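Asks: Chains as they are written, first to last, in my numbering: chain A, 454 to 717; chain B, 7 to 235.
Please keep in mind that the hints were generated in silico from the structure rather than gathered at the bench. Being a predicted model, the structure only gives us computed values, none of them experimental. C-beta: ideal position from N, C-alpha, C; glycine also. Keep in mind that the hints are not guaranteed to be accurate.
[What the hints assert, rightly or not] With beta-carbon atoms standing in for the labels, derived distance ranges: (1) B:Asp110 - A:Gly691: 38 to 44 Å; (2) A:Phe685 - B:Leu206: 57 to 63 Å; (3) B:Tyr64 - A:Asp516: 55 to 61 Å; (4) B:Arg215 - A:Gly710: 56 to 62 Å; (5) B:Ala127 - A:Ala625: 35 to 41 Å; (6) A:Glu573 - B:Val204: 37 to 43 Å; (7) B:Leu86 - A:Asp606: 52 to 58 Å.
[To be verified] Residues of chain A clear of chain B, computed beta-carbon distances all greater than 12 Å: (8) Ser480; (9) Met555; (10) Arg567; (11) Leu632.
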Amino acid sequence: MIEFRGVSKSYDDGTLAVSDLSLTAASHEITVLVGSSGCGKTTLLRMVNRLVTPTSGQVLIDDVDVADRNPVELRRSIGYVMQNSGLLPHRTTVDNIATVPMLRGTPVREARQRAVDLMETVGLDPSLARRYPWQLSGGQQQRVGVARGLAADPNILLMDEPFGAVDPIVRADLQRELLRLQEELGKTILFVTHDIAEAITLGDKIVIVANGGRIAQQGTPAEIMANPVDDFVTTFLGLDESRSLHVDGDLVVDPSGRPVGRLA
Amino acid sequence: MKWILNNVGTITDATWAHLWLALPAIVLSFALAIPIAWVASRFRRSRFTLLLVAGLIYAIPSLPLFIVLPLILGTSVRSLINVVAALGLYGVALMVRYAADALDAVSNDALLAATAMGYGAWRRFFGVQLPLAGPALLAGLRVVAVSTVSLVPVSALLGVNSLGMLLTDGFQRGIFAEVLSGIGATVVVAVAVDLGLVALGQLLMPWERLALRRGARHSTAEDKRVVAA
Numbered sequence: 454m455i456e457f458r459g460v461s462k463s464y465d466d467g468t469l470a471v472s473d474l475s476l477t478a479a480s481h482e483i484t485v486l487v488g489s490s491g492c493g494k495t496t497l498l499r500m501v502n503r504l505v506t507p508t509s510g511q512v513l514i515d516d517v518d519v520a521d522r523n524p525v526e527l528r529r530s531i532g533y534v535m536q537n538s539g540l541l542p543h544r545t546t547v548d549n550i551a552t553v554p555m556l557r558g559t560p561v562r563e564a565r566q567r568a569v570d571l572m573e574t575v576g577l578d579p580s581l582a583r584r585y586p587w588q589l590s591g592g593q594q595q596r597v598g599v600a601r602g603l604a605a606d607p608n609i610l611l612m613d614e615p616f617g618a619v620d621p622i623v624r625a626d627l628q629r630e631l632l633r634l635q636e637e638l639g640k641t642i643l644f645v646t647h648d649i650a651e652a653i654t655l656g657d658k659i660v661i662v663a664n665g666g667r668i669a670q671q672g673t674p675a676e677i678m679a680n681p682v683d684d685f686v687t688t689f690l691g692l693d694e695s696r697s698l699h700v701d702g703d704l705v706v707d708p709s710g711r712p713v714g715r716l717a
Numbered sequence: 007m008k009w010i011l012n013n014v015g016t017i018t019d020a021t022w023a024h025l026w027l028a029l030p031a032i033v034l035s036f037a038l039a040i041p042i043a044w045v046a047s048r049f050r051r052s053r054f055t056l057l058l059v060a061g062l063i064y065a066i067p068s069l070p071l072f073i074v075l076p077l078i079l080g081t082s083v084r085s086l087i088n089v090v091a092a093l094g095l096y097g098v099a100l101m102v103r104y105a106a107d108a109l110d111a112v113s114n115d116a117l118l119a120a121t122a123m124g125y126g127a128w129r130r131f132f133g134v135q136l137p138l139a140g141p142a143l144l145a146g147l148r149v150v151a152v153s154t155v156s157l158v159p160v161s162a163l164l165g166v167n168s169l170g171m172l173l174t175d176g177f178q179r180g181i182f183a184e185v186l187s188g189i190g191a192t193v194v195v196a197v198a199v200d201l202g203l204v205a206l207g208q209l210l211m212p213w214e215r216l217a218l219r220r221g222a223r224h225s226t227a228e229d230k231r232v233v234a235a
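Isolated chain A (complex conformation):
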């Protein structure tokens, strides 16, 4: 379980990225932080593995304050998947995946073997093992990123817009794979995105973050969709006037008559 207790983050220039936010992400669930760019959701995520230190408040993992843990050890115990994969360009696929186990002192041979196994787990052909990141497609790179995040078998996985830079078809594919993996592995996942559709697809729980790092609403996708608390959430969910849809023959159209979907 990850718990944010009254965390704030302000920068020297006076901008307030997060203000007095409290939040709990339950174990073995996917908690999605969703909000527009610059709302502080990535800052929140990075507080968990101490890439960012809160100005005030605490972040606890299973009731232990992360501030009391050695940052390097802490990071090795938490999986991190970032946008644009963040793969090391001078390491092959298999060595990128094996990064954390090797940092932890796992013998090279064993770490690589496990990395190849993980490639299959995330749906990558093992023949890509010796390739460098630039020799892979965007979708393959993100799969490598996910495999790397899982390599040390962490309880917690932090995912920072991991599927933001791939095309919609690949994204949908990666989302399905993530759900399949989660079914098997049951990690505690904190997932950041600006895409509400992605949040609804993936989240056991969704936290809508408004500008200035304040929680607008949180709950299951169904709860939020059924009872948006204010105009901001309504607009963010696309449930405002401009999206009040109606049926026209087989098509679903918006108020200006543009088709947005088809009846099943």
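With chain A fixed as given, assemble chain B onto it according to the hints.
Replies: For chain B alone, kept in the frame of chain A given last:
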């Protein structure tokens, strides 16, 4: 031509002496420039001062430096240490800027990812930042190497053996072929050292070699057609 054939031994000796001065100076330049560049790139405020000092050192005329340096080092003017130290000083002065730029240019994404994976500061520097700065460091080092090789002959004015001796001796005795062979051999040494560095780079940075061969680094085929058009 006849002079060259009659003096192959002299030229070979001078070439080895030349290398023996240039190579340690090049290694010294690189080894010293990296920590200075690290400071310059890590602590932004020191950057301006460090690069300014490096620039000023490079502006010192070489002959006076060869003569003044022994007073500081306590060596004799003709000592090899004196010559290597002077050459190394110029090399560092030149290399620091290249190295600072090379370290700065490493993608933030890669560094952030390394930190997030749990790399400690030292390990991140030697395992990620330095190798990724490799290609740019190599480019700088090649300039430093060629510049060092062509600076060595100045030390002949002090009486230290190198290919420069062929120049001073040739001038004094009016042997044109000797002067020419000194110049030619210096160029050959410079090219050889340069090729050696390129080969070393390919050995140490296999990911770069592959990228260059495929020529597909950051651009798609479409990008290339657009650029070509």
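Asks: Now tell me, hint by hint, if it's right for this structure.
Replies: How the hints compare with the structure:
1. B:Asp110 - A:Gly691: 38 to 44 Å: 42 Å, holds
2. A:Phe685 - B:Leu206: 57 to 63 Å: Holds: the Cβ-Cβ distance is about 59 Å, inside 57 to 63 Å.
3. B:Tyr64 - A:Asp516: 55 to 61 Å: 59 Å, holds
4. B:Arg215 - A:Gly710: 56 to 62 Å: Given a distance of about 57 Å, which is inside 56 to 62 Å, the answer is holds.
5. B:Ala127 - A:Ala625: 35 to 41 Å: 40 Å, holds
6. A:Glu573 - B:Val204: 37 to 43 Å: 39 Å, holds
7. B:Leu86 - A:Asp606: 52 to 58 Å: 57 Å, holds
8. Ser480: 21 Å, holds
9. Met555: Check fails; 10 Å does not lie beyond 12 Å.
10. Arg567: 16 Å, holds
11. Leu632: Fine: 24 Å to the nearest Cβ keeps Leu632 (chain A) off the interface.
In the structure shown, a violation is registered for the earlier hint numbered 9 alone.
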